[in-house]
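From first to last, the protein sequence lines stand for chains W and D. Sequential numbering of the first sequence, starting at 1, is according to this note's numbering. Sequential numbering of the second sequence, starting at 1, is according to this note's numbering.
Simulated from the structure, these hints should not be mistaken for lab results. Heads up, some of the hints might be wrong.
A short, non-exhaustive set of chain D residues, derived as facing chain W with CB atoms under 10 Å [stated by the list, open to error]: (1) Q90; (2) F91; (3) M101; (4) S153; (5) N165.
Far from chain D, some chain W residues (derived; all Cβ distances over 12 Å) [stated by the list, open to error]: (6) S10; (7) G114; (8) K121; (9) E152; (10) R163.
Computed footprint of chain D on chain W, listed as stretches where at least three residues anywhere in the stretch have a Cβ under 8 Å from a Cβ of chain D [what the hints assert, rightly or not]: (11) 11-25; (12) 95-107.
Just so it is clear, CB atoms sit at the ideal spot from N, CA and C, and this is done for glycine as well.
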Amino acid sequence: MTLQLSDIPSRSAQPAHAAPSAVRRAVVRQAFPRRSVLKSIAVAGMTLGIASLDLLPTGSRAQAEPSTYLQCSAWLNSGTQEWLRCNPGGSVHGNVGAVFCNSVGYHRIDTVTGEFGIRTKFYRRHYSCTGNDGGRNAWVWRKNQQGNEPREVRCSDGRGVVRNRDGVVVNRYNSACRKWLSAS
Amino acid sequence: MSAPTVEADRSSAKYRTADGHVVTLEAPGFDVGGLWDSTVRIAPAKPDGRNPDDAYMREYNVTRQGNYDYVITHVLDAEVEQVLEAQGGQFLIAISRRPDMQGVALWRGRWHEIATYLLPSQGGAGSTPLAAFDGLQFTDTPEGLLVAAPAASGLAVDVLDMCTNVPGVGEVELKQASKALNMIPTWSGAPVPAGEVWVIDATQEFDTENHRILFLASTSAVLTVTPDDTASTDLSSPLSFLESVTTVSWTTS
Chain W
1 MTLQLSDIPS RSAQPAHAAP SAVRRAVVRQ AFPRRSVLKS IAVAGMTLGI
51 ASLDLLPTGS RAQAEPSTYL QCSAWLNSGT QEWLRCNPGG SVHGNVGAVF
101 CNSVGYHRID TVTGEFGIRT KFYRRHYSCT GNDGGRNAWV WRKNQQGNEP
151 REVRCSDGRG VVRNRDGVVV NRYNSACRKW LSAS
Chain D
1 MSAPTVEADR SSAKYRTADG HVVTLEAPGF DVGGLWDSTV RIAPAKPDGR
51 NPDDAYMREY NVTRQGNYDY VITHVLDAEV EQVLEAQGGQ FLIAISRRPD
101 MQGVALWRGR WHEIATYLLP SQGGAGSTPL AAFDGLQFTD TPEGLLVAAP
151 AASGLAVDVL DMCTNVPGVG EVELKQASKA LNMIPTWSGA PVPAGEVWVI
201 DATQEFDTEN HRILFLASTS AVLTVTPDDT ASTDLSSPLS FLESVTTVSW
251 TTS
């Protein structure tokens, strides 16, 4: 059997007449045995209640668009410097810098050759900004015209993989491209 | 993380995560025994209902011992300013010479190290960058670095992913299936020995070509492949890799 790209279903669009995923069913059965389901329902109710509090408008927060970074609302009000917006809480999603950007302000995916034949190949990390919910590579902070707000900024996640002249991976690090979207 | 010395065959890798799970990847014909790293999140063990819990989240990177030497020197343009012997290893604080770059704090064990980036204000006089490690206990082993948060700390250790680069294939990222359930479609993927495979459109708004990544789900782990060239129409090597995977698991023992 040889797997062909044309034979592989999309993860975002359900094909017509598609059968249910057996793997997903097995994961659910293993992770959520029937006995624990009732407990889960009770916990979910509490979680929804807490989450709904975060959805209330506060009047002073900027909005994360179009997607959300998991920690945006938590650290925006902390009074930290603007550039830290791409790296909340020392997140490994950031080693922040414009050096990680391509010409249009998203994370680069090219290869850079340095001294002694060291080559760094950059990759985008496509889902890091929203955890496990199938999110996006980039996230944007925009002003909401209330209060003294910092500059609008877009952050785009990636990773550098460093190889020596023999092609052996000798180092890995995470990085974040930061692109200012407003002058002030 | 470092390649396991007990494994002569690099087509198989087994690691212990920071919270004690065992991650196994076996792909005959492919080299999965290279450098691995892992994202670890430390957060309050229980929500207090008063503040967004993510406000107290902090993330760390667990990787092979010495990995951050390159980052400190060549990426951050930083130098080590503090060294403290503790927990059978060393805490190191490195501060960038540039105001627009971050510093890094790490604990370095015999085989692995755990690091977190610092904010600029944490590198100045009177700052306490080591506070990032308050309440955490480290036990380094050849199989992995264990991170424990005693009950009194009120913290919980959560491992988000394990990542490596497979030569000729691209970046490979593993997550525990039960924590990544919302990444698994309700409809079936293409069958492969280890599970089911789907394709993901990863095209950005500015891209002039279509970019694709591949996604495999087994009963205990999910695996994402970001090909070396996501815009290529020839993904035969990443596809062969997914077909070759005989085991991809994330288990408690």
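Q: Please verify that hint: D/F91, Cβ, nearest Cβ of chain W, below 10 Å or not.
A: Since the shortest Cβ distance to chain W is 15 Å, the answer is violated.
Q. W/R163: least C-beta distance to chain D exceeds 12 Å?
A. Violated, since 9 Å does not exceed 12 Å.
Q.
Is the interface hint satisfied for D/M101? The criterion is a beta-carbon contact with chain W at less than 10 Å.
A. Since chain W brings a Cβ to about 7 Å from D/M101, closer than 10 Å, the hint holds.
Q.
Beyond 12 Å on every Cβ pair: is that true for W/G114 relative to chain D?
A. 8 Å, violated
Q: Would you assess whether W/E152, listed as outside the interface, keeps its beta-carbon beyond 12 Å of every beta-carbon in chain D?
A: 16 Å, holds
**Q.** Status of the D/N165 interface restraint (C-beta, 10 Å, chain W)
**A.** 5 Å, holds
Q: Tell me if D/S153 is really an interface residue toward chain W, meaning its C-beta lies closer than 10 Å to one of theirs.
A: 16 Å, violated
Q | Distance rule for W/K121, whose beta carbon must clear each one in chain D by more than 12 Å | A | The claim breaks: W/K121 does not keep its Cβ more than 12 Å from every Cβ of chain D (closest is about 7 Å).
Q | Verdict on chain D covering the segment 11-25 of chain W, where coverage means 3 or more residues with a C-beta closer than 8 Å | A | Result for this restraint: holds, n = 11.
Q) Once the closest CB in chain D is found, is it more than 12 Å from W/S10? A) 6 Å, violated
**Q.** Check of the segment 95-107 of chain W against chain D for coverage (Cβ-Cβ below 8 Å, three residues minimum)
**A.** Result for this restraint: holds, n = 5.
Q | Interface hint status, D/Q90 versus chain W (Cβ within 10 Å) | A | For D/Q90, the interface hint is violated, since the closest Cβ of chain W sits about 19 Å away, which is over 10 Å.
Comparing the model with each earlier hint shows violations of hints 1, 2, 4, 6, 7, 8 and 10; every other hint is respected.
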